[in-house]
Each structure stands twice: as structure tokens, then as C-alpha cells.
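Residue 1 is where the sequence shown starts when you use this note's numbering, and the numbers rise one by one after that.
Hint data in this document are derived by calculation from the structure and do not stem from the laboratory. The model shown is predicted, which means the values in this text are computed figures rather than measured ones. Ideal Cβ placement from N, Cα and C applies to all residues, glycine included. You may find that some hints are simply not true.
As the list claims (entries may be wrong) - Derived DSSO-like pairs (lysine-lysine); straight-line CA-CA distance at most 30 Å:
hint: 1; residue 1: Lys-3; residue 2: Lys-15
hint: 2; residue 1: Lys-61; residue 2: Lys-16
hint: 3; residue 1: Lys-61; residue 2: Lys-15
hint: 4; residue 1: Lys-51; residue 2: Lys-3
hint: 5; residue 1: Lys-3; residue 2: Lys-16
hint: 6; residue 1: Lys-61; residue 2: Lys-13
hint: 7; residue 1: Lys-13; residue 2: Lys-51
hint: 8; residue 1: Lys-51; residue 2: Lys-61
hint: 9; residue 1: Lys-3; residue 2: Lys-13
Unchecked claim - Label pairs and their in silico Cβ distance ranges:
hint: 10; residue 1: Ala-26; residue 2: Lys-51; range: 30 to 38 Å
hint: 11; residue 1: Ile-46; residue 2: Ser-25; range: 28 to 36 Å
hint: 12; residue 1: Lys-16; residue 2: Arg-47; range: 29 to 37 Å
hint: 13; residue 1: Ala-63; residue 2: Gln-36; range: 13 to 21 Å
hint: 14; residue 1: Glu-64; residue 2: Lys-15; range: 20 to 28 Å
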Amino acid sequence: MAKIHIRYLVQKKFKKGIDYYWQPSAELRAVGFRPQRLADDIETAIRQAEKLNRQVDDWRKGAEPT
1 MAKIHIRYLV QKKFKKGIDY YWQPSAELRA VGFRPQRLAD DIETAIRQAE KLNRQVDDWR
61 KGAEPT
């Protein structure tokens, strides 16, 4: 399986399986973006992380953090 790289998407392995998280940088946390646990399946977690990344991109273009 190919390695997938989505900004701020991390996976943590546990005995029960894998959990997916969106973990923004310290800069992003300072302006209001918070780490979030994502869905249990990778496809949904990727969609959720990409949505959060679009919010970051919008913020970098001048929008308020949501």
C-alpha cells in the first residue's frame, strides 16, 4: 500500500487498530485551529482532513479561522 501524505493527518496505532487525527501546527493552534479525532476509516479521515486543510488555506488568504 502506498504511503498517503495529507497535511496534518496523522495515524496512531493502538492494539485495537488505527485512529486518525488532524493535528495542526503550533502556529495554527495559536490562532484557534484545534486537533481533532477523525473518522475510523481512512477514506473518510482523508476527506475530513482535506476539508480542514481548505479552512487553513482560506485563513492564510485572509479569512477568519472557523
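#### Entry: In rising order, the numbers of the hints this structure does not comply with
Hints 2, 3, 6, 10, 11, 12, 14 contradicted; others consistent.
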